[in-house]
Amino acid sequence: MKGAADAAPTRLGRGLMLIAAAFMVVNVAALTLARGETRLSDWGIVGVWIGSALVGSAILERALPHRDPLLFPLALFMSGWGLIAIARLAPVFADRQAIWLIVSTAALIIVAVIPNVLRLVRAFRYTLLVVGLALLIGTILLGTNPSGQVGAPELWLGFGTVFFQPSEPLKIILVAFLASYLAEQYPALRAEGIDAGKRRAWSLSPRIAGPILLMWGISIVVLVWQRDLGTAILFFLVFLTLLYVASGYTPLLIGGAGLVATAGIVAYQLFAVVRLRVDIWLNPWLEAEGRAYQIVQSLMAFSAGGVFGQGVNQGAPGYVPVVHSDFIFAAIAEEWGFLGVIVVIAGFAVMITRGLHIAVAQDGRPFQTLLAVGLTAVLGVQTLMIMGGVLKLVPLTGVTLPFFSYGGSSLLISYVLIGLLLRLSAEGADA
Amino acid sequence: MRFGREIDRLLFGLLLAFVFVGAAAAYWAISGADTILERADNPRRVETENAIRRGAIYAEGGIALAESVVNPDESVTRRYLYPVLSSALGYASLRYGVGGVEALHDNDLSGRTRAAARDLGETVIDGLLHRPQVGADVQLTLDLGVQTALATALHGQTGAAVVLGVPTSSLMAMVSLPTFDPNTLDADWDALSIDPGRPFFNRALQARYQPGATTETLLMAGALLTNEPLDTPIADASSPISLDDLTLTCAVPPPETRLTLRDAYAFGCPAPFADLARRLDVGRVQGIFDTFRLADAATLPGFDALTLPTVLGIDPFAAATPEAQPNSDGAITADNLLNAALGQGERTVTPLEMALIAAGIVNDGNAPQPYLLSGVRYPTELEWSAAALINPTIPIATAGTARGIQDLMRGAVAYGAASSAARPDLDIGGHVGLAYTGDSTLAWFVGFVTIDTERAAVVAVVLENSGDLGLAADIGGTALEAAWRALQS
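Quick note, the sequences are listed as chains A and B, same order.
Going by numbering that gives the first Met the number 0, 350 is the number at position 351 of the first sequence; the sequence numbering is gapless.
Going by numbering that gives the first Met the number 0, 192 is the number at position 193 of the second sequence; the sequence numbering is gapless.
Honestly, the hints are just simulated from the structure, not real lab data.
Fair warning: there could be bad hints in the mix.
Unchecked claim - Stretch by stretch, here's where chain B covers chain A in the computed footprint (C-beta under 8 Å, at least three residues):
no.: 1; segment: 50-56
no.: 2; segment: 327-337
no.: 3; segment: 365-376
no.: 4; segment: 385-397
no.: 5; segment: 407-413
Ideal Cβ positions, reconstructed from N, Cα and C, are used throughout, including at glycine.
Pulled out of the complex, with its shape left as it was, chain B reads as follows (with noise of 0.2 Å):
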C-alpha cells in the first residue's frame, strides 16, 4: 500500500510521545507529587492550612480564650479574646505560623493528632469529601482571674511572672512582656521582628536571668541543715560588702538594731549570707544548689517545642531574639563561691524555676512538676480527655527545712522587705532579691499563699531594669490574691 509504511511509523512516532506524556503525568502526579507538594511556595499549602477549623484553646472552668471563626469564604479567622494572655497563648497565623502555646499543642489544635490516627478509609472519605481538617479543643490550667490580675500588675514592665497551684503546679498564669497582640500578628509582624523588646520570646518560661539575692532561701536552706543559729544577733549584719565590681547592700534599709540571721534574710542583707556561705563551704553549697535543682533548665513538657521551627518553616524567634541560652552548669569553687552564692555567677534561672523552687518549699520540700494542659476534646466528642500526669513531686529538701523556710518568707513579708506582698487575712510568704546584669538590675520577689493545708499557690516575678524590689513583691501579692481566691472557689 502506497505510505504505508510511512503512516505506520509516524502512527508509532506519535502514540509512543503520548506514552512519554502519560509517563510524565504519572510521575508529577503520582511519584514526585510529594516532593513539590511540600515546597513553602506552594499556594495550596497556605489554602489548606487556612481551610484548617483550629479547636479553640479554654481557660480552667471552660472559658474560651481563643477560637476559629468559618468566614463565607470557608477560609478561618483566629480570634484571641483576652489581650491579657496573649504572651501565653502566642499565635497562630497562615503566614508565619504557630508560636507558645499554639505551638505547643499544635498537633491537637490543627487535628494532625487525630488525622493521623484516622484508618484508610476515614481518609479516603474526607478526602474525597473535601471535608476540612478540624482540630481539637484544647483545655489549659490558666486561670482567666489570675491571669488577668498578674497582668494587670505588671502592666507597663518589662519582665514576667509565673503563677503555680500546689501540689498539683498547674500553671495558673504566667505573663510575659513587652508582648504582641496575636490578633493583628501580620500586620504587626515586621515591627516586631525588629523590637529590641523581643516580644516573642517567652521570658516567663525561656529567659534565663541572674537570681541574685534570690539565692538567700537556698542558703538558709542550708542553715537550717546545719543547725546555723536563726535568731543569735550578728555583727555588721547589714554592712555592704564588695564582689568584684559590685557593691551588696540590704534590700531595704534594715532597723538599727543588731540582726540575727533571720533578720538579716528579712531584709535582704547579703553580709550574714557572705559569711554563711563561707562556712557552708563549697562542697555544701554545691550540694543545696544541685538538690533545689537551680542548675535544671526545668520547662513544662514538650515546651521546647516554642523553639522549634514552627509549620511554615519559620522560626519566630530568629529574627527577633537570640535563643534562649542554655544554662551552665555552674561548678562552684573556693574562687567563685561568693558569686555563686550571692546569684551572681555563672548559674541563670528562669521565672519557672524560681516558680518550681518556691512550689517545693510551700509543698513540704516535694517540687511537683508543671503542667499546663489539663483536657482535650475530640472534634467527634462531648467529654473532655484528660490529660495525663506522669511527672512524680522531685524531692527538693526535708519537710522540717521546707517549713522552716516557709517562716522565714512569712517574716519577710510581715516585717521585711518583702512587706508590700502582704494582703490582709492571707498567709503569704516571700522573699525579694536584687541581681546585677551588666548595668541594669533585676528585681526579684518569690512567694507562696497557702489555701488550706494541702493547697497553696506560689508565683515569681521578675522585673527587668527595675530596682523596685517594692513593686516586684506588690505584683507577686496581687497574683497570690489572685489565686487564693480562684483555688477558694
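Chain A with its partners taken away, still in its complex shape (with noise of 0.2 Å):
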C-alpha cells in the first residue's frame, strides 16, 4: 500500500516537471517573438534548466527514492522562471545565472545524496559555528561590493570576478547549529516548566537567555557593522521561530517581537538607511520621484500588470531600479500579472507546506526535525520579507526572492537547503 500511496505525489512532481518545462518553453518563445528576434542565449537558458531538471531528477530517483516529490521540481520551476525574467530584464546577467544554476543543481545533488550529511552537520555544529562567525568577520574586515559603488553596503567577498555573499551559507550554518544545540536543550527547556507556564521570561535560565542573546548579538553585528536589515531581521526571526518550535512556550513570540521592535527603534534613530526604510515604508507618494522611487515605481508595475499581466517583455518593469534582483517579484506582477504573483505565492506556500510536512515526518528526531523547521523557516520568512517589501506591507529589507531573484550566492543556498529537505524527507520516509 505504501508503494501506491507514493506514487501519487511522485506522478504530481512529475507533472509539474512537465509543466514547468512547457512554461519554461512558451515563455522564451514569447520572449522571442516580444523581442522580435532568436537569441541563443535564450535557449541556452531552456538547454541548460532541461539539462539540470533531466540530470537532478535522474539521480534523486535513484539515490532517494522516497523524497519529497514536490520540492526539487517546483525549486526549478521557479528558478527557471527567474531566469526568463532575468533574460528580460538584465539579458547580461542571464548566462551567468545558468550557470549558477548548474552549480546550484550540482550542489543539491550533492548535499541530498551524502548519506551521512545530516550526521556530519550535527556533529560539527561547533566547528559550524566557527565558520560562520569567520565569515561574517571576513566580511565586515573584506567585505566589498560587486558594483563597486562608493557607500553601498559591502556584503561581499570577492574571489576575482566571482563574487559570494557570506550571509546566505551563514543562514544554513546557524540554522543547523541552532537545531543542534536546541535538539539537546530542549527537554531541559520544557523540564524547566515553560510547558506549565510557571517561569516567567524574566527568570529564563541561561540555557534560554544564553542563545537568544547570541543571535540578537550577531543580528546587531551584522545590522551595525553591516547595514544588512534584511539579513539581521531575518536571522532573529528564524531563531526566535526554533526557538518557540523546540521550548513550546509562545510569550517567547511576543518578547522576541519586542527585542525586534526595540533593535528597530534604536536602528532608525541611529542609522539613515533603516530611517528612510521606515519613512518611505509609512508614506512613500511624498517622495515618489525621490527616495522612495524604487517602492512606488514596485507598486506600479504591480498596477500596470492587472489580473492578466502586460506579457513577458511588453510591460515597462525597467523602471524599478534593481528589478532584476530584490523587485524581481514586481517584474513578475508586471508581465505575469496577478494570476503569475498567485502561481509564485502558491509554489512558495506548497514548498513551505512540504517543508513543515518534513519536519512533522521526522517523529523521534529532534535534530531532524528542528532542522527541517529553520531551514523551512528561512525560506518562509526571507520570501515572506522581501514580497511584504516590494507590497509596501513592511518595510523593504533589502533580501532576495529565492530561487527568482538573480543572484549566485542566493540560488546556491536556496538549492542547498532544499537538498537538505531532500534528505530529511527521505529519511524521514524511511525512518
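Hints given; two lone chains; assemble the complex.
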C-alpha cells in the first residue's frame, strides 16, 4: 500500500516538472516573439534548465526514491521562471545565472545524496558556528560590493570576478547549529516548566537566555557593521521560530517581537538606511520621484500588470531599480499579472507546507525536526520579507526572493536548503 | 507528537502571511490600480502616450499638414510639415501635452474616440496583443495656399488674421503671431513660456481687442436702417474729435472737398459717426451692436477646449499668458455712448468675430457659423466621414442693409482708406479702423471678396502696436486674393 501511496505524489512531481518545462519553452518563445529576434542565449537557458531537470531528477530518483516529490520540481520551476525574468530584464546576467543553476543543482544533488550529511552537520556544529562567525567577521573586514559603488553595503567576499555573499551560507550554518543545540537542550527547556507556564520570561535560565542573546548579538552586529537590515531581521526571526518550536513557550514570540521592535526603534534613530526604509514605507507618495522611487515604481508595476499581466517583455518593469534582483516579484506582477503572482505565492506556500510536513515526519528525531523547521522558516520568512516589502506591507529589507532573484549565492544556498530538506524527507520516510 | 502543536501554528502563521501578501497584491493590481496608474508621475503613462500612433492632419485638398512617424524603437515622433501653420495647428508633445487644433481634435487624433466605442472583446484582444492605439486622421477646412499667403504677408508683425469662406464660413486660414515651431517645442518650451509675446496664445480666436473705428460699419447699418442721407455733404466731417484723452482723426487724410457720410466711412473720419451715434441714440446703437452679436464671444465649435488642461495636466497658457478675457456685456448708456459707438468702450472683439460680421454682411445679412473640421477618417476605414454641420446661419441685418454696407465697403477700397486692399479685377470691399489700447494702437482691416453670386471670402486682420492701416489693408487684400484663387479652383 505504501508504494501506491507514494505513486500519487511522484506522478504529481513529474507532472509539475512537465508543466514547468512547457512554461519555460512557451515563455522563451513569447520572449523571442516579443523581442522580434531569436537570441541563442535565451534558448540556452532552456537547455541548461532541461539538462538540470533531467540530470537532477534521474540522480534523485535513484539515490532518494522516497524523497519529497514536489520540492525539486518546485525549486526548478521557480528558478526557471526567474531565469526567464532575468533574461528579459537584464540579459547580460542571464548566462551567469544559468551557470549558477548548474552549480546549484550539483550542490543540491551532492547535499541530498551524501548519506551522512545530517550526522556530519550535527557532529561539527561548533566547527560550523566558528566557520560562520569567521565568515561574518571576514565580511566585516574584507567585504566589498560587486558594483564598486562608493557607500554601497559591502556584503560580499570577492574572488577575482566571482563574488559570494557570506550571509547566505550563514543562514544554513546558524540553522544547523541552533537545531543541533536546541535538539539537545529542548528537554531541559520544557522541563524548566515553561510548558506549564510557571516561569516568566525574565527568569529564563542562561540555557535559554544565552542563545537568545547570542543570536540577537549576531543580528545586531550584522545590522550595525554591515547595514544589512534584511539579514539581521531574518536571522533573528528564524532563531525565534526555532526557539519557540523547541520550547513550546508562546510568550517567547512576544518577547522576541519586543526585542525586534526595540532594535528597530534604536536603529531608526541611529542609522539613516533604516530611517529611510521606514519613512518610505509609511508614506512613499511624498517622495515618489525621490527616495521612494523604487517602492512607488514597484507598486505601479503591480497596477500596470493588472490581472493578466502585460506579457513577457511587454511591460515596463525596467522603471523599478534593481528589478532583476530584490524587486523581481514586481516584474513578475507587471508581466505575468496577478495570476502570475498567485502562482508564485502558491508555489512558496506549497514549498513551506512540504518543508514543515517533512519536519513533522521526523517524529522522534528532534535534530532533524528542528533542522527542517529552521530551513523552512528561512525560506518562508525571507520570501515573506521581500514580498511584503515590495508590496509595502512591511518596510523594505533588501533580501532576495529565493529562486527568482538574480544572484549566485542566493540561488546556491536556496538549492542547498532544498537538498537538505530532500535528504530529511528521504530519511523521514525511511525511518 | 513532539513539536507538532508548534509546527502546526507555525504553518498556520506562515500561510496566513502569504494570504496577506496575496490580498495586498490583489489590492495594488486590481482595486487600487486605476488610482496609481493615473498618477502624473507614472512613467508608463508617458510611455503609453508615446506609443500612440496619432492620426495625421490634412488641409483642404488632402495635403498632409502634420503626421506621426514611427521610430525603430516603436516610439512616435510628431512632425509638422509647414511652419506657416504652426499657430493654427498647435502642438502635440509627449512632455507638454497638446494645444491648438491638436487639442481641439485630440480625442479623434489620439484614437480615444474609437477606443471608447470598441466592444469589450476588441479591447481585450488589443490589450493582450499590445496593439498601439491608432488615431483617426482629420481633415480641416484650412487651405494651404491661403494660409501661406496670409502668414507670409503677416510675417514680422504681432497680431492675427482669420479668413472664412462664405456662405459656409469654413475657416480657410488663421494666423496668430508671434508663434512657435512645434517641431522643436520641447527644446524651446522654457523660452516660449516666458516670452512676453505670448506665442501660445491664439490671438485669432482668443484675443479680445478694442474694435476701434471698425464699429463705423455697424453704425452705417444704423444709418441705412434709419434712412440717413449718405451722399449729403457734412460740415467739418474731417475734423478731429476728442474722446476722453484721445484725439480721433480720419484714417487717412481726406480730399479737401466737403465729405458725405459715405466719404467719411471710406476715409474713416470719426466726427460724422459721433454725430450719427447721437442721432441714433443709446437704444438703437445698443440694438445694432446686439444684432451684430458684437457682445457675443463667437468661437469655433469646441474651441473652448483650447483653454482646458491638456492631456498631461499642463495648461500651456498658464505660464505664458493671462486667460483670454471675457467680453463685457457692454451696456451702452448716455455717458459712454460715444466711447462705445467709436469702438473705444468696454466691448471687445476677437478677429474671428470681426470676420463673422463681414461674413454676415457679404452673405446678405445672414451670418454663418464657423467650422474647421471637414472630415474624419478612422484607422480601419478608407473613406472620410464628413463632419456634421449643425449650425444654421444667424440673421444680423436685412439683405438691403447688408448690400448697402457691401457697397460702402467697396467704396472704401476703391477710393478710401482701405485702397491698399484693392486687387485688379477682383470685387473687394473692406474697411480699416484704428483702435487705441493703452499707449499703443491697433490697425484693423475687415473685408470681403466675392467669387460669384453665391460665394465669397472674408478676412479680418489686426496688427498690434501698429497704426499702419495701409499695411493692414494690404495684408487683407493679399489674403482675399489667395482665397479668391482657392475658391475659383
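To see whether the hints hold, each was checked on the structure:
1. 50-56: violated (count 0)
2. 327-337: holds (count 3)
3. 365-376: holds (count 5)
4. 385-397: Three-residue rule met by the segment 385-397 of chain A, so holds; n is 5.
5. 407-413: As far as the segment 407-413 of chain A goes, the hint is violated, because 0 residues have Cβ atoms under 8 Å from chain B.
Violation of the numbered hints given earlier is confined to hints 1, 5; the remaining hints are satisfied by the structure.
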